[in-house]
Amino acid sequence: MKRFKRNILILLSPFLFMALINEAVRLNIKEQPYTAHGINAVNSAEYLPNKCTWICHNNTIYCKTHHVKYLKPFYAITDFFYFGVIGILASTDNYGAANIIFLVFLFPLTILYLIIKSLNIQDEIRKLSK
Amino acid sequence: MNNLIYLFKELYAYCTDFVINLANITGLSYYEVNFVVFIIFYPLLLFVSTIVYIYQKSRLRTIRKKIISTTKSESYFNNIKTFNKQKIFVSANLAWLFIIVLGVLRVLSESTNYYKYHLSRGDYPPEADSISIPIFRETFFAFSILSVLLIFLNTFILLTTLKTKLPTKLFIKPDFYTISAVLRELFFGFWLALTVLFFFYWFLTGYYIEGLVTLFYTFILLNLRAGQISKYKQKTEYASL
Chain A
1 MKRFKRNILI
11 LLSPFLFMAL
21 INEAVRLNIK
31 EQPYTAHGIN
41 AVNSAEYLPN
51 KCTWICHNNT
61 IYCKTHHVKY
71 LKPFYAITDF
81 FYFGVIGILA
91 STDNYGAANI
101 IFLVFLFPLT
111 ILYLIIKSLN
121 IQDEIRKLSK
Chain B
1001 MNNLIYLFKE
1011 LYAYCTDFVI
1021 NLANITGLSY
1031 YEVNFVVFII
1041 FYPLLLFVST
1051 IVYIYQKSRL
1061 RTIRKKIIST
1071 TKSESYFNNI
1081 KTFNKQKIFV
1091 SANLAWLFII
1101 VLGVLRVLSE
1111 STNYYKYHLS
1121 RGDYPPEADS
1131 ISIPIFRETF
1141 FAFSILSVLL
1151 IFLNTFILLT
1161 TLKTKLPTKL
1171 FIKPDFYTIS
1181 AVLRELFFGF
1191 WLALTVLFFF
1201 YWFLTGYYIE
1211 GLVTLFYTFI
1221 LLNLRAGQIS
1231 KYKQKTEYAS
1241 L
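Chains A and B, in that order, are what the protein sequence lines are. Just so it is clear: in the first sequence, position 68 is 68 by the working numbering, and no numbers are missing. Just so it is clear: in the second sequence, position 168 is 1168 by the working numbering, and no numbers are missing.
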């Protein structure tokens, strides 16, 4: 039971962290939230020079021009990987769904599975050592 | 289905909002946070967690082996023995000679049926050599290919039995997997996978005798693998004889 609770906590903590951040921001946001395909987002889609919005998602060049601070000298390298990943996800014909499946479920769940298994093995090693 | 698509879109928007919020909180940009999280952090974490998992597994295996070696529990599979080198050579060659005979007979009978049928339809002139020449040419071709493969088979066995300690236990394992041991396992794993594939192929296409011979070669490959692995240090119940 203790192990089950620990695993659930490890599994849920990234999602809880995401919800915590998003809901805290939602309380303090002043701009009109962005709406697309009938879905209300937390952030707006306004062109703001001092903070990122959905415009940065929809228009990467705007974000690169106005908001990027540290990666500007490395665009030759970062763009290759950044647009490479986007290209791979877009090649599935459903960019949004591919994003969710790979980056929200498959990758994190694989990582969490490996972490949980490693912790279980550590428990077993401790028991066997005794 | 529509609900699922809507849920996915909602989740996608929520996750994108999270990245935007992280960018604003950390003082970075959406582009930078995306790059750090998905290009650096995710692959790195996946790599590190895989390495930690493999390391933990190997630690656990070592501890278990220590415990098993003290209790001396031995299973049936751990005690299956391999052939010695001579038996491997002789049995593998006999099985291949059987395949040569079988293959030649199959080609001979199939070619004969094919050409006789076409002869009966008047596709060839009625002279005896109009079909006997192509029949024997095809049969001889099959014989030549199978005979050349016999040379490859013997070279393979010769090279993989060099400096090996045979007979040994069939499912022998080294105490620790060095890079060369892993490469050996991969090498034999490839050939074993190939024989298993061929086994299913023969059975599904109705060539049951060829399937059984392939199964026998799977056993021979396991023998050769055991011989190679016996070169490494073993202290536990998986050790060589």
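Heads up, some of the hints might be wrong.
[As the list claims (entries may be wrong)] Pairs of lysine-lysine residues, derived as DSSO-like cross-links and limited to a Cα-Cα distance of at most 27 Å, are as follows: (1) A:K127 to B:K1057; (2) B:K1116 to B:K1231; (3) B:K1231 to A:K51; (4) B:K1231 to A:K127; (5) B:K1066 to A:K130; (6) B:K1163 to B:K1057.
[What the hints assert, rightly or not] Simulated coverage check for chain A against chain B, where a stretch passes if three residues somewhere in it have a Cβ under 8 Å from a Cβ of chain B: (7) 1-10; (8) 43-49; (9) 90-103.
In short, the hints are calculated from the structure, not lab data. Beta carbons: idealized from backbone N, C-alpha and C, even for Gly.
Verification of the supplied hints:
{"no.": "1", "hint": "A:K127 to B:K1057", "result": "15 Å, holds"}
{"no.": "2", "hint": "B:K1116 to B:K1231", "result": "56 Å, violated"}
{"no.": "3", "hint": "B:K1231 to A:K51", "result": "64 Å, violated"}
{"no.": "4", "hint": "B:K1231 to A:K127", "result": "33 Å, violated"}
{"no.": "5", "hint": "B:K1066 to A:K130", "result": "14 Å, holds"}
{"no.": "6", "hint": "B:K1163 to B:K1057", "result": "31 Å, violated"}
{"no.": "7", "hint": "1-10", "result": "violated (count 0)"}
{"no.": "8", "hint": "43-49", "result": "violated (count 1)"}
{"no.": "9", "hint": "90-103", "result": "holds (count 5)"}
Comparing the model with each earlier hint shows violations of hints 2, 3, 4, 6, 7, 8; every other hint is respected.
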